[in-house]
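Student: Spelled out, the chains give:
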Amino acid sequence: MARTRLARLRPALGVVPFGVYLLIFLVVPTVTVVIGAFAEDGRPSLANLAGLVEPSVLTALLNSVLVSAVTALIGGVVGALVAYAVVTGKPDGALRRLVTSVCGVLAQFGGVTLAFAFIATLGISGVVSTWLDANLGTGLTSSVWLFGLKGLVLVYAYFQIPLMVIVFLPALDGVRVQWREAASNLGATTWQYWRLVGLPLLTPAFLGSLLLLFANSFAAYATAAALVSQGSPIIPLWIRSALTSEVVLGRQNFAYALALEMIVIVAVVMAGYSLLVRRTARWVR
Amino acid sequence: MGPVSGTVTRGTSPQRAARRRLTVFRVVVLGLVGLFFVVPLVSMLDFSTRSFRTGGRTGAAWAKLVTDPQLSGAIVTSLVLAVLTVVLMVVLLVPTMIWVRLRVPWAARPLEFLCLLPLTVPPLVIVVGLKNVVLWLNYLFGDTPYVLALLYVVLVLPYAYRALDAGLSAIDVTTLAEAARSLGAGWATVIVRVVVPNLTTALLSAAFISIALVLGEFTFASLLNYDTLQVAINLQAKSDAQESIAASLASILFAAVLLVVLSVVSGGRRRRSASASARTTAVTTGTPAPTTPAQA
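Protein chains in written order, with our numbering: chain X, 1 to 285; chain V, 1001 to 1296.
The shape of chain X in the complex, shown without the other chains:
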């Protein structure tokens, strides 16, 4: 028994280097955050967690949730429409291949470059904002809306919509033509088909995608960091100021508490997502 177990374990030595790497660069940081959130000056303490309920931090959390929810909803609805427009075309047509490739690329964007794309478009001397001001009399070039929450919502849509297209296409693919035909044969109108068959089937997949989009935007940092250079209206930017200025709200380890808050929220949302995906997987091929 002992021998066989030993023999079974010897090949496992081969995964040790990778295991050590993961331990140092993935497990240690995560554990550091969790432990650090409950400590201050090397002693166990709840002071950092208490900081999370200070009004300014709570406002940032509320803003973060709001921005994430709104971009998830916009990205979800627009993305679903695009996915539907694609799915009604030829299954292996050029349009479908083009849209999926482009979405695969665009969902990876974000970050500094994306922020600058919108600054060039709608910023103070942006191309579109200047044109709109000159021709339609809007006040875009003298406004700083792009650098606040509204701006974040618009800019985040740029990677949320493509992500939605990518995650929602498989669900739409799973809706079979035969179901539609069966419904028509039984005398259902288009509206009845959607209300009684199509939408109920797609709802879990849609809600799951919304959760994924929510987590995606909740954890996004670089775009916001490049766009919003002053103040910390959302949680990721609070983490920035906690990291760069060492002591925030009189607390050393506050960054850990904020990071823990982020892990918990993202983990809960992603758990919901995987539950819904499992539900969808029952009928998607």
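Do not rely on the hints blindly, as some may be mistaken.
Unchecked claim - Listed next, the stretches of chain V that the computed footprint assigns to chain X, with coverage defined by at least 3 CB atoms under 8 Å from CB atoms of chain X:
{"#": "1", "region": "1018-1029"}
{"#": "2", "region": "1040-1051"}
{"#": "3", "region": "1090-1096"}
{"#": "4", "region": "1099-1113"}
{"#": "5", "region": "1139-1153"}
{"#": "6", "region": "1212-1225"}
{"#": "7", "region": "1240-1247"}
No lab work stands behind these hints, which were simulated from the structure alone.
Think of the CB as a built atom: it goes at the ideal place given N, C-alpha and C, for glycine as much as any other residue.
Since chain X is already given, all that's left is putting chain V on it; use the hints.
Tutor: The following block gives chain V in isolation, referenced to the frame of chain X:
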């Protein structure tokens, strides 16, 4: 409604009306959304080539990508980091994945879980927890931006894992290994000279997505104070917005070319890898799932 069921009864007018409505819907949706995605890119081109003094066109901002030492230095740093990350990723991940398939199958699920974990733990959280590890790395290797490569492997892990996993699933690793072993090959030969040459496409995909991610990475570099491409672009904006926007557009185009090549290269595998990845993050493009854009 699927590809409308009216192929048989094409002539009848209600079907035709529905078809026309669908076409109008598709054109409007794709047109408007397409516009939303194209306008910022065109604006960047326009903005970066505009001459504010003469009102004409100028390539001055683009020329600075090469002539401005700060920016070109950062570009070089990022490119070297991309290469280092790919090398480290391949060295760490490829032998491990092959070995797990061949000899330690019980470790397959834990390996998958750990490799996909960075999708759920945001990079921002990892960087908060990494402060001590980085101090230690600086002690070992000195204060060089290239230590970032070690951290970037974590970021690219889920994407590289998916690409490689799809490649490994497409070939019969066990048979290949048994054949090679029975001909007297050692395990190193099996991995390096038998299995890896069959993984070229998967390796290319993994490398391309890693390069694209590293070149776009901002979170780690800026919070750890290293001057990479994205950090330089962000800093430069304060003195010369046109130059920053030219650099942004250049890096977007470069990443886009990489990812498009990638989706063409891995396009053939799209269908097969789909069901495997749907389990964890339901994504089916040729590009490995962009669930949480690491740089977003």
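Student: Confirm or reject each hint.
Tutor: We went through each hint and held it up to the structure:
1. Residues of the region 1018-1029 of chain V with a Cβ under 8 Å from some Cβ of chain X number 5, which satisfies the need for three, so the listed coverage holds.
2. A stretch counts as covered by a chain when three or more of its residues have a beta carbon under 8 Å from one of that chain; for the region 1040-1051 of chain V and chain X the count is 8, and the coverage holds.
3. Three residues within the 8 Å Cβ limit are the bar, and the region 1090-1096 of chain V against chain X gives 4, so the coverage statement holds.
4. With 6 residues carrying a beta carbon less than 8 Å from a beta carbon of chain X, the region 1099-1113 of chain V meets the three-residue requirement, and the given coverage holds.
5. Counting residues of the region 1139-1153 of chain V whose CB lies closer than 8 Å to any CB of chain X gives 3, so the stated coverage by that chain holds, three being the minimum.
6. Remark: the region 1212-1225 of chain V is confirmed as covered by chain X, as 8 of its residues place a Cβ nearer than 8 Å to a Cβ of that chain, reaching the required three.
7. Residue count for the region 1240-1247 of chain V with a Cβ under 8 Å from a Cβ of chain X: 3. That meets the three needed, and the coverage hint holds.
Taken one by one, the earlier hints all hold for this structure without exception.
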